[in-house]
Each structure stands twice: as C-alpha cells, then as structure tokens.
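Q: Turn these sequences into a full structure, and let the hints steer you where they fit.
What follows is the residue order along each chain.
There are 4 protein chains.
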Amino acid sequence: MPDPNPQRRNEEARKAILTAAMELSTDPGFQATSVEAIAKRAGVGKQTIYRWWQSKGAVVLDALNELALPTMSFPDTGDVIADLRTQLTGVATLLRQSEGRVFAGLVSAAQNDDSLSRTMIETILQPRVDACRERLERAQRQGQLRRDVDLEEVIELLYGPLYYRLLFRTQPVTTDQPAQIIDLAFTGLRPKRSRRGSP
Amino acid sequence: MPDPNPQRRNEEARKAILTAAMELSTDPGFQATSVEAIAKRAGVGKQTIYRWWQSKGAVVLDALNELALPTMSFPDTGDVIADLRTQLTGVATLLRQSEGRVFAGLVSAAQNDDSLSRTMIETILQPRVDACRERLERAQRQGQLRRDVDLEEVIELLYGPLYYRLLFRTQPVTTDQPAQIIDLAFTGLRPKRSRRGSP
Amino acid sequence: MPDPNPQRRNEEARKAILTAAMELSTDPGFQATSVEAIAKRAGVGKQTIYRWWQSKGAVVLDALNELALPTMSFPDTGDVIADLRTQLTGVATLLRQSEGRVFAGLVSAAQNDDSLSRTMIETILQPRVDACRERLERAQRQGQLRRDVDLEEVIELLYGPLYYRLLFRTQPVTTDQPAQIIDLAFTGLRPKRSRRGSP
Amino acid sequence: MPDPNPQRRNEEARKAILTAAMELSTDPGFQATSVEAIAKRAGVGKQTIYRWWQSKGAVVLDALNELALPTMSFPDTGDVIADLRTQLTGVATLLRQSEGRVFAGLVSAAQNDDSLSRTMIETILQPRVDACRERLERAQRQGQLRRDVDLEEVIELLYGPLYYRLLFRTQPVTTDQPAQIIDLAFTGLRPKRSRRGSP
DNA sequence: CTGTAAGCGAGACGGTACGTCGAGTCTTCAG
DNA sequence: CTGAAGACTCGACGTACCGTCTCGCTTACAG
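Protein chains in written order, with our numbering: chain A, -17 to 181; chain B, -17 to 181; chain C, -17 to 181; chain D, -17 to 181.
The hints are simulated quantities; they were obtained by calculation from the structure and are not laboratory data. Heads up, some of the hints might be wrong.
The list makes no distinction among identical chains, and a pair is therefore deemed to hold if it is satisfied within one copy or across any two copies.
Calculated pairs, SDA-like style, for lysine to any residue (alpha carbon to alpha carbon, straight line, at most 20 angstroms) [as the list claims (entries may be wrong)]:
#1 K28 to E18
#2 K174 to I164
#3 K28 to R(-10)
#4 K174 to L133
#5 K174 to V62
#6 K22 to T8
#7 K(-3) to I137
#8 K(-3) to T152
#9 K174 to R128
#10 K174 to R123
#11 K174 to P57
#12 K174 to R120
#13 K28 to E(-7)
#14 K(-3) to W35
#15 K174 to E5
#16 K28 to A113
All values derive from a computational prediction rather than experimental measurement.
A: Encoded structure:
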C-alpha cells in the first residue's frame, strides 16, 4: 500500500486526464460526468485516475486550478476601491462562464466530502483570501478602510453576494454586481444624512 | 398516465417518508442517502416515493420545509437593525445545526437539477426574501435605510456571508456573525473620519 | 439478505440467460466468457444473473442441464453389455461435440469452487451414476456381472477412460472408444489361456 | 525481439519463482494465485516471469515437474500386476496430497490453453505413459497380459478411474483404489463361472 | 353491498457507474 | 544491459442505486 511514486508518473496521461475532466465538467456538467467517462475520453485506464486522485472532485479541482484559474495576484494601484472592483469583476466574469458551473459542481461535491472541501479551501480559496487580506491591510494602513473590522468578515461581505447568486441561482452573476456590492459595503446602508432635524 | 389522485394519498406514508428523509439526510448525510434507503426506513415501496416526488432532492426539500423550517414571519419592532439581527441570528442558529448540513446538501443537489433549484427558490428562499424586502421597504420609508439601494442586493449583502461559511466551510457559521455582518453593512467600510486634514 | 422470491422470477430473462450462456460457452469458450458478456447477449442486467446464480459456472451448469443434456434413462434390453455400449456411446457422442468442451470448462471451474463442484455432482453426475448402478445391480442379479465388485468402482472403470481423453486431450474421444472400454473391462486383461503348460 | 538469452538467465530468480508458484498453488490454490502474487513472493519483477514463461500455468507446470514429481521409472520385478500396483499406488499417494490439487488446477487451466495442454502432455503425461506402455509390452511378451489389446487404452482404463476421482471429486482418491482397479481390470467384469449348468 | 380501480408494500427488472483486481506491456533506475 | 520495481491500458469483477415495471393486497368510491 505505498503511495505511488510521483517520479514515475506519466505526464501525458496526467494532462489528458485534467483536460478531459475540464471538458466533461463543462459539457455534460460536473455531476453528469463519471470517472469512467473521464478515463475513456482521456484514453486512460480508470486505475490511473484512482492512483493519483481520491475522487472525481479531486480531479476536477486540479483541472480547474491548472487549466482555468488565473494566478490572480491582487492588483494594487493605491486605490483600494478601484482594486477591489477590478478583482471582483474578474471573479464575476469567470463565474459567469462555464468555469462558474464547474466550480459550483465542485462546491456541491465538497458538501459531503471533507477531504475535498479542505483541499478546495487550501488550493482555491485560501490563496485568494490571503492576497485579498493583505491588500486590505495595506488599505487600512493607508487610511482607506476602517481599522476596527475583522478583514476575514469584510472579505465574506464582499464575496458572499457573488457566491450567493452562483449557488442559489436566484439571478445570474453579472459584471456590474461587484460595483454595486462595493458601493453598498463601503458606503453602508445607513441613510445619507437625515433630511430634517438631525443633531 | 394521469397524475396520481391526491385525495387518495396515504397521509401516513407521506409523513413516514418525510421523517425518514430528514433523519437520513441528517445522519448518513444527504448525498449518502439513497431513495431506496428512504423507502426502506419509511417502510414504503420505492414507487410510492417516485409517485409523489421527482427526486430525492424534492423529498428532502419538502421534509425540510415541513419538519425543520419555522414559518419565520419577519419581526417588526420599529428598529430595522434590531429586527435584522433577530432574524439573521435565527437563520444562523438553524444553519449551525444539522438542518444546516441538510440544506447544504439540497443546495448541492440543486446545482445540477434546475427543477429542484427552482422549487427550492420558490418554497424556501423567495418567501423569506420577500418578507425581508418588505421589512426593508418599511425601513426605507421610515428613514432607517438608504433609499438609493436595490433591496435585492442588500439582502444578498446580508445573507451572502452566512451562506459563504455554510457552503465553503472555511469556518463555522456562528451566532455572532449576524451582528458583525449588520454592523459592517450598515456602518460601511470607509474609515470613520480621517484623523487629520479632512474638510 | 433474504433470498429473492422465485415466484416473481422472470421466466423470459431466465431462458435468455441460459441460452446466452450456452452459446457463449460454446463459441468463445467457457473461460473466455464473462458474466458481463452473458448479460449483454441475454439483454439482461448483470444483477439479474447474480441474483439467481452464484457464479458463471452455476449458470452454465444450469444451461447445460436444461439445454444440452438428455434425460438419459438408462436402457435395459436385458443385455447389460449392449446397454452399456448404447449408453456410453451416447455419452461419447455428446462429449465429442461442443457440449464436451463446455462440460470440460465446467469441470475446470469446479476445481476451485467447492459449491459448483457439489452442484455439478448432484445435478449431472449423481443421477446418471445412480441410473447406471441400478442397471448394473440388475445385471448382477441376472448373472451378467460379477457379484463381488463395488459398482461405484465399476462405473469409474467404465467412464474414467472417457473423461481421461476429454480432459487430458491426449487424443479425442471417439465413438468406438466405448466398445473397446467395455471389451477390456468385461473380458479383463489376463491372457486368454496360457498357450503351453499352464498348471 | 529475439528470445531472451538463456545463458544470461538468473538461476536464483528462476528457483525463487518456481518455489513461490508451488507454494501459492498449494495454499491459496492454483486459480486463486495471480502472476503478480508469484512475482511478489519470489521478490521478482512480473516481467521476469513473462520473459521466461507464457502463462501462470506454464510456471506451475515447471514447478510441479521440478519440485514435486518423482522421476518415476517404472518398476519391473517380473510381476506386472505387482508393478502396476506399486506404480499406481505411488500416483494415488501423490494425488491425495496437495500436489493433487495443484495438478488438478493445471488440468483445469489446460482446458482452454492449447499450448499448456500440449506441454503438460509432453512433460508430465507422455513420459509416464511411455514408461508404462513399455512395461506392459514386456508383460505381453511374457504372457502376463492379453496380446489383443491396445496398450494406450489399457493405460486409460487403469489411470482413468484415478483421475475421475481427482477431477470430479465424487470421492477422494485413496491408496487402495489402485488395487481394486487392477483387480477389476485384470479379472474382468464377467461373472466367475455360472454356478449351475456349466460343464 | 359490491365490483373495480386506485394507492400501497414489495421487490425483480434493465441499466450505469462504482472502486478494485489482475493481465500483459512498457519505462525507469540500480548494480 | 539485466532485472526489480512498478506505472500503464484494458477488461472484468461483484455491488449499489437508479427509475420502471409487475405483483397481490387493502381500501374507498360508484353503480
């Protein structure tokens, strides 16, 4: 039962598998895709998939990371609001496309697969959350953001609405959603100034 | 093939199915539960399930609605912030419990089942969103909330972070998350007033 | 884990399975045949085979019994030698044909499958051995056969050489082998009468 | 792709493979043994087996020949019946032991592997049959055996019943079976002399 | 008050995919 | 430059559920 030797790994097979996984997760869709179908399309034995990945979800996660997700270094122009807008718009654009449904499938699979959930957080979410937090810390130091806030929660406030639409599908993710989220979040929901008779 | 006659429906079987569905979705978990298992535990033929529901998801959705979700009329004490806090805390409390995982399973299933997605929105989400929007409209009229905002987006801003944690599981939903969300959302992220040199 | 209910059994499926099993055991051959192939050719789910039989061997055994093996009531003309010749020639004729190879495959499978071995003995061998023994007993009573012999061993002596050729394939089973076996066995191997000077 | 050079062959590996094959064919049994398992137990790569043998059967055949089967030169005391008894009892003794099951496995494998079948005949059966035939020819010349018989058939008559029990497993091979076979075969099945009214 | 047609528990059916095993081939690396 | 190690493709294994389809058996309405 030793783990397989990664040095002996066939790089061609690996790529073929990731490509097939990505294509099938896009077209018949994540749930409609079987490990068997991935193997067949990749021209690979099923065992070669099970040798290197724990589950279909793990394969698609790797495929998404390698083939679809940009490295996404967080922009820093000095204006945190503009940078957030740039960044969130990028995410929204991605989620609108087929990658969005693939990612939704992944989140779906992670609901009852703790290992996949952890890996997804570590390889997709955490790096981006960290990059965002660093940017927000700089913004705090530059006086562009309240200092008395938990940045993790700020991030959830900004991204939550995006994933809300992706996953509940009450309405599609749009590219102007980010601007509106940012406006709401920075300005706050309190009424502007009370029209008559505020202190 | 006419639809089955609802008057002839066996109420006992219906309840046994919903109960079994709820229990199994809680314990082995939604995805680990099969229609067959529900039928067996409910002491019911599989056909009786397929006669009245389209899928496992549809059964669990009904079960959740009937057995777990409160009617949740939105409170109105006159203080919108307090009311939101009450309401959101209720939701958070529910999501922390096993119902949270069941609901997550449902969201998961809805990712590739348009019909289930629609039903879930109609029976679970929409009524609560509507109640919330009405409350927020009242708040706007009473000057407790900015008028220049899309209420749908406000709702997404408030609830998004809750579901973010439920579905990504980066950290558990907590009962003080709502208070913090509301604080951030109402106060906004802008720095208080710049210490030196603002007009 | 209760056994399936035989009353609910689909007779059509059963026949299709036996026929497919027989055909495939004949053409690609017993060992080259997979349960999967039988299922496919019979237009049947694999589970339907596994529900009613323990193994491929068990299916083929039933197929052989139902489709290929005659009921073979042992003849009784009053002349035991003639009757044995008739009977053994019938067996040899069968073994020469494709049924012979199917049966050989079955014997092969039974080498490491005790349950199959037992069933094969009970359903194929034993009934024929019993019929033969009864005929031989009658022959003994009629003075056509030595009385001081174990009939089981006589049967092995008569049939052993047939199966020797079937299974070792040193030479093919032929239709005149039986006559020769019977001659040898009845006359015995001792020299006729010693030509010169026996005591 | 020339045949591998036998001079370069690693004698240690060869022995380890044969030993492993023999042990595994004895304990988990022939059919339950895989080439992979033999390689692992012998501490040898699978390729090293496939380089020198065509199949598992071929390996076990060699193992049996080299490790289990005596050279068995046919005895000749001048009394053919005694010699046959000696020889057949030796065979029966062997077949009763684990070698018997290994051999049965081999016969089983040979049913659908013509090449193995031929090799088995050539290396195991034929030499012993030849030795036996020579002994029987001498017996014929010495007037201890009918002259008007096909010796091949005599051999089948004598050995057939032994293999009948080995392969059908209706009852175990025993060490007194040979004596009884020989008695039947030499004396013949005809009744002694009819009690009343023979000259 | 009695057919008869529905819903019901049960579970066999044709399928699809699962995750595993082993076959036989091919590649890498150490001695 | 052989041989151990083992990754590869492939095919089949036996199992789990899917959703459909009979089966008899209540059960309740219609004649």
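Q: Which hints from the list above does the structure break, by number from lowest to highest?
A: 7, 8, 11, 15 and 16
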